[in-house]
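Peer 1: Just so you know, UniProt numbering puts 123 at position 123 of the sequence shown, and the rest follows in order with no gaps.
It is worth saying that the hints were derived from the structure and are not from the lab. Any given hint might turn out to be false.
Unchecked claim - Here are the simulated DSS-like cross-link-like pairs (lysine-lysine), alpha carbons at most 30 Å apart as the crow flies:
1) K239 x K80
2) K255 x K239
3) K241 x K220
4) K239 x K186
5) K83 x K168
6) K239 x K143
7) K168 x K186
8) K186 x K83
9) K241 x K186
10) K256 x K241
11) K143 x K80
12) K256 x K239
13) K143 x K256
14) K80 x K168
15) K143 x K186
16) K168 x K220
17) K143 x K255
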Amino acid sequence: MWGSVACGVMSLPAWSTPWEHFETPTTGQPQAIGSYSNGCLAGAIPLPAEGDGYQRVRSERGRYYGHQSMIAFLEQLSAKASKLRLGHLLVSDIAMPRGGRFRSGHASHQTGLDADIWLTTLEQPASEQELETLQPLPMVDLKAYQIIQENWTENQANLIQMAASDEKVARIFVHPVIKEQLCAAKWTDRRWLRKVRPWWGHYYHFHVRLHCPQGEGQCKAQLPPPPGDGCGAELASWKPKPVTERQTAKAKPAKKRPVLKPLPPAGCMAMLNGADPVPDNDQYAVDLKKAKKVAQ
1 MWGSVACGVM SLPAWSTPWE HFETPTTGQP QAIGSYSNGC LAGAIPLPAE GDGYQRVRSE
61 RGRYYGHQSM IAFLEQLSAK ASKLRLGHLL VSDIAMPRGG RFRSGHASHQ TGLDADIWLT
121 TLEQPASEQE LETLQPLPMV DLKAYQIIQE NWTENQANLI QMAASDEKVA RIFVHPVIKE
181 QLCAAKWTDR RWLRKVRPWW GHYYHFHVRL HCPQGEGQCK AQLPPPPGDG CGAELASWKP
241 KPVTERQTAK AKPAKKRPVL KPLPPAGCMA MLNGADPVPD NDQYAVDLKK AKKVAQ
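Given only the sequences and the hints, what does the whole structure look like? Please build it.
Peer 2: Next comes the structure, spelled out in structure tokens:
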């Protein structure tokens with residue numbers, strides 16, 4: 001089976017997320033509002049449960065909605081991967097019907113422009129029963145901080161390279177050890193490696209982030225990655241440093257404090273309160289000033 005195997009405008013506590021109560025997207029044109037980690041999504045489109053070269057996994061979470069540009073990207077990537085025999089892809093979290101913050105698992109994925117794709121691929125589509133119990137293979141031995149050779153293949157590397165080379169992609173997040181593997185490989189063109197960013201947690205999947213769609217002024221872009229392929233000192237800095245016995249003895253658990261999230265963009269607050277999203281024009285700035293004044 002396995003192949004390559006309602007709500008005010010105040011800040012909300014980290015554990016609270018009203019976005020989960022929306023079961024359907026808004027109507028109208030797709031619109032990414034705010035930033036990847038503080039925003040929402042109008043006019044979301046669901047990724048079909050299966051398509052050419054892919055299947056959804058963990059659909060019970062309801063996190064399979066995305067901006068139309070993300071849905072098109074996923075369908076095109078999976079079709080190309082299938083044609084190149086890189087495996088049948090498994091797509092996990094994208095966004096909720098109206099975007100916004102998840103209760104757990106991610107800080108981003110709020111505007112429909114982020115998606116998780118498992119690094120475990122299949123030789124053939126899974127049955128409905130198999131999908132219910134399917135688990136991803138880890139690519140990294142987290143304790144040893146090294147790749148699991150029997151799980152990692154050239155197919156995974158080529159899949160990430162193919163995704164990162166797409167001009168619509170702003171970033172791809174992977175575990176630092178996976179980035180090391182990509183850096184060590186001999187590529188004819190290494191420019192795409194700049195987009196591949198090390199980040200903890202991404203040891204069984206890679207996280208694709210698209211640029212803000214052209215013409216969507218309420219979408220807040222992220223600064224581009226630093227110049228270069230990111231394979232030098234920056235990547236080395238992620239490697240855990242040995243902990244001495246003295247450091248272990250002195251270490252004290254940090255006190256956990258309630259985390260307040262930033263004020264959502266005006267278009268998102270309108271959506272939370274049952275109104276249509278703020279039109280994508282200068283009125284957004286006016287409404288944002290009003291919202292901030294109310295919140296003070």
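Peer 1: All the hints need checking, so say for each whether the structure fits it.
Peer 2: Hint-by-hint comparison with the structure:
1. K239 x K80: This hinted pair is violated, its Cα atoms lying about 34 Å apart.
2. K255 x K239: Given that 30 Å is the threshold and the Cα spacing comes to 25 Å, the pair holds.
3. K241 x K220: Violated - the C-alpha atoms of K220 and K241 are around 35 Å apart, more than 30 Å.
4. K239 x K186: 22 Å, holds
5. K83 x K168: 20 Å, holds
6. K239 x K143: The hint holds at about 11 Å.
7. K168 x K186: It holds: about 24 Å lies between the C-alpha atoms, which stays within 30 Å.
8. K186 x K83: 23 Å, holds
9. K241 x K186: 28 Å, holds
10. K256 x K241: The hint holds at about 24 Å.
11. K143 x K80: 35 Å, violated
12. K256 x K239: 25 Å, holds
13. K143 x K256: 25 Å, holds
14. K80 x K168: Judged against 30 Å, a Cα distance of about 15 Å means the pair holds.
15. K143 x K186: With a Cα-Cα distance of about 27 Å, the restraint between K143 and K186 holds, given a limit of 30 Å.
16. K168 x K220: 15 Å, holds
17. K143 x K255: Cα-Cα ~25 Å, so holds.
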